[in-house]
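What follows is the residue order along each chain.
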Amino acid sequence: MSVRTSGQIEKGSRQFEYLVRLGDDRLVLGHRLSEWCGHAPILEEDIALANIALDLIGQATLLLGHAGKLEGEGRDADTLAYLRDAIEFRNVLLVELPKGDFAVTIVRQLFFGVFGLLQSEALQRSNDRDLAGIAAKAAKEVRYHVRHSADWVLKLGGGTDESRERTQRAVDDLWRYTGELFLADDVDRAAAAAGVGVDPSTLETTWHSHVEDVLARAGLTIPETLYMQRGGREGRHTEHLGHMLAEMQIVARSHPGASW
Amino acid sequence: MTPTQSQPVEDPERVAAFEARVAAGESIEPKDWMPERYRRQLVRMMSQHAHSEIVGMLPEGNWITRAPSLRRKMSLLAKVQDEAGHGLYIYCGTETLGVDRQELIEQLLNGTAKYSSIFNYPTLTWADIGAIGWLVDGAAIVNQTMLAKASYGPYARAMVRICKEENFHKRQGYEIMAILAAGTPAQHRMAQDALDRWWWPSLMMFGPHDSESSNSDELMRWGVKRKSNDELRQRFINLTVAQAKAIGLVIPDPQLAYDESTENWKIGPIDWDEFWRVVRGNGPCNRERLAARRAAHAEGEWVRLAAAAYAAKQARTVSAFEAA
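Chains A and B supply the protein sequences, listed in that same order. Each number in our numbering comes from the position in the first sequence (counting from 1) with 124 added on. Each number in our numbering comes from the position in the second sequence (counting from 1) with 69 added on.
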């Protein structure tokens with residue numbers, strides 16, 4: 125490893141941190157979606173949800189791989205995914221919550237999908253060329269994800285009494301986790317100032333207008349939750365993440381140093 | 070389908086003309102005349118095949134969340150997704166014979182339809198994902214390569230497409246096994262254990278011996294099947310024995326021996342009692358597999374009702390608009 129000044133280390137570790145946030149959001153959500161495979165309400169949704177999960181895990185693999193390279197400590201995407209503990213994960217709480225019923229899954233996909241789309245569109249202009257490339261590919265994929273979830277929100281909101289109630293409940297339950305998407309700290313501000321990343325707080329207004337438009341068309345309302353949960357970016361997670369990782373990491377951790 | 074399964078009386082001249090077409094290697098298409106028995110046999114085979122794809126998603130899906138690397142996780146997820154696609158594709162093929170998907174799914178859920186018994190075995194370790202790709206998909210390919218020449222056009226065409234993807238799955242499965250076999254002692258043990266458990270069930274996938282197979286004669290005459298169960302099984306054994314040797318795994322059959330005169334690998338006796346026990350519902354996972362399908366169907370009921378209600382409302386809006 126080359127000798128670096130403290131300023132470079134600081135800059136490098138902030139960018140690493142920024143990329144890990146992007147990667148973890150997508151890895152954890154992709155994993156949650158993959159839990160549907162074989163258990164979806166219709167065969168077409170087994171296929172669609174698996175497709176979206178594949179896109180997200182693919183994006184996460186590229187992002188974590190890029191983060192690992194930048195860190196220069198020999199950690200690749202698999203090491204970062206399989207050998208970190210819950211407190212080292214940097215995803216938002218929204219994506220780690222259990223998959224719930226189909227309404228919870230779809231509403232979460234809408235919430236995160238619109239965020240991911242705005243973020244990817246902005247990151248296409250990153251002066252980190254690798255990140256810009258990953259984001260350009262992701263933006264194309266996520267455009268489809270948003271269409272898929274928005275279509276379903278309309279169907280569920282406008283379907284039967286039961287589907288409307290379930291979907292409204294999902295909106296009510298998940299809304300308190302949306303504020304965290306837009307919280308900006310030093311890592312985000314430094315990434316934005318360096319032209320590498322985007323300050324998430326700048327996406328909030330557009331996110332609200334997109335999401336609220338879909339919810340309004342579906343006849344759904346936004347709850348008056350004043351308090352927004354947070355903590356994921358600092359490794360302060362819900363209890364659910366540990367269980368998810370226990371399952372995800374068991375084989376990899378049971379055979380240290382093995383190849384697969 | 071007609072509720073009665075009595076033998077239909079067919080016009081012998083039409084049957085003769087039909088059989089002549091099949092004998093000449095012509096493809097039978099949905100609008101062509103066909104004997105009722107032919108149609109029923111195809112519905113039986115195609116729906117069993119589609120159901121097998123759907124139930125087959127469960128044992129492999131069991132390991133998606135525990136796959137040991139991101140690449141393995143993605144290829145397994147993509148594989149199980151392919152199976153859903155195959156199921157959908159074959160259900161659509163079956164609809165060309167006048168049965169709808171809903172009806173077939175109903176038969177799967179109420180336990181009257183069959184699916185491949187192999188999926189009633191549990192996946193206990195990561196190596197089972199390798200073994201299923203290598204052996205179960207390998208056996209399916211041998212069978213489906215033959216079915217790709219079946220006389221019924223839509224089925225044959227579906228098989229051509231599905232075989233391409235299955236070949237990819239098989240290569241992935243074999244690669245998983247090869248890596249495990251060459252890995253740490255624990256990984257090697259895991260691979261051998263998976264081969265020990267999946268070998269005999271995968272041989273049973275070809276069905277009973279020719280002397281015991283009730284449907285075979287008619288299916289061969291009508292060009293639905295082109296080779297017998299035993300011929301296909303032998304082909305699979307010959308292919309697989311060499312592959313096991315190449316990666317240092319041992320086929321769990323002390324009687325396995327090469328016969329110079331026929332150039333075939335001869336195996337010991339298959340435990341047909343086990344085969345029939347699993348077919349009749351007493352395999353290790355028969356109840357779990359059906360329960361999982363029923364649960365997914367029941368839990369998804371409200372979603373399907375919502376989609377239908379929404380579509381109906383949209384249709385009313387459109388027709389109101391057009392009437393205005």
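Rather than coming from a laboratory, the hints here were simulated on the basis of the structure. It is possible that some hints are incorrect.
One side of the interface only, derived from the structure: several residues of chain A facing chain B at Cβ under 7 Å [as the list claims (entries may be wrong)]:
# : residue
1 : Leu178
2 : Ile181
3 : Asp285
4 : Ala376
5 : Pro380
6 : Trp384
Please read these numbers as outputs of a predicted model, since none were measured by experiment. Virtual Cβ for every residue (Gly too), placed ideally from N, Cα, C.
Hints, verified against the model:
1. For Leu178 (chain A), the interface hint holds, since its Cβ comes within 7 Å of a Cβ in chain B; the closest pair sits about 6 Å apart.
2. A least Cβ separation of about 6 Å between Ile181 (chain A) and chain B falls short of the 7 Å threshold, and the interface hint therefore holds.
3. With 7 Å as the threshold, the beta carbon of Asp285 (chain A) stays out of range of chain B, its nearest partner Cβ sitting at about 9 Å, so the hint is violated.
4. Restraint check, Ala376 (chain A) versus chain B: the minimum CB separation of about 4 Å is within 7 Å; hint holds.
5. Taken as an interface hint, Pro380 (chain A) does not check out: its beta carbon lies about 9 Å from the nearest beta carbon of chain B, beyond 7 Å.
6. A cut of 7 Å between beta carbons decides the hint on Trp384 (chain A): the least distance to chain B is about 4 Å, and the hint holds.
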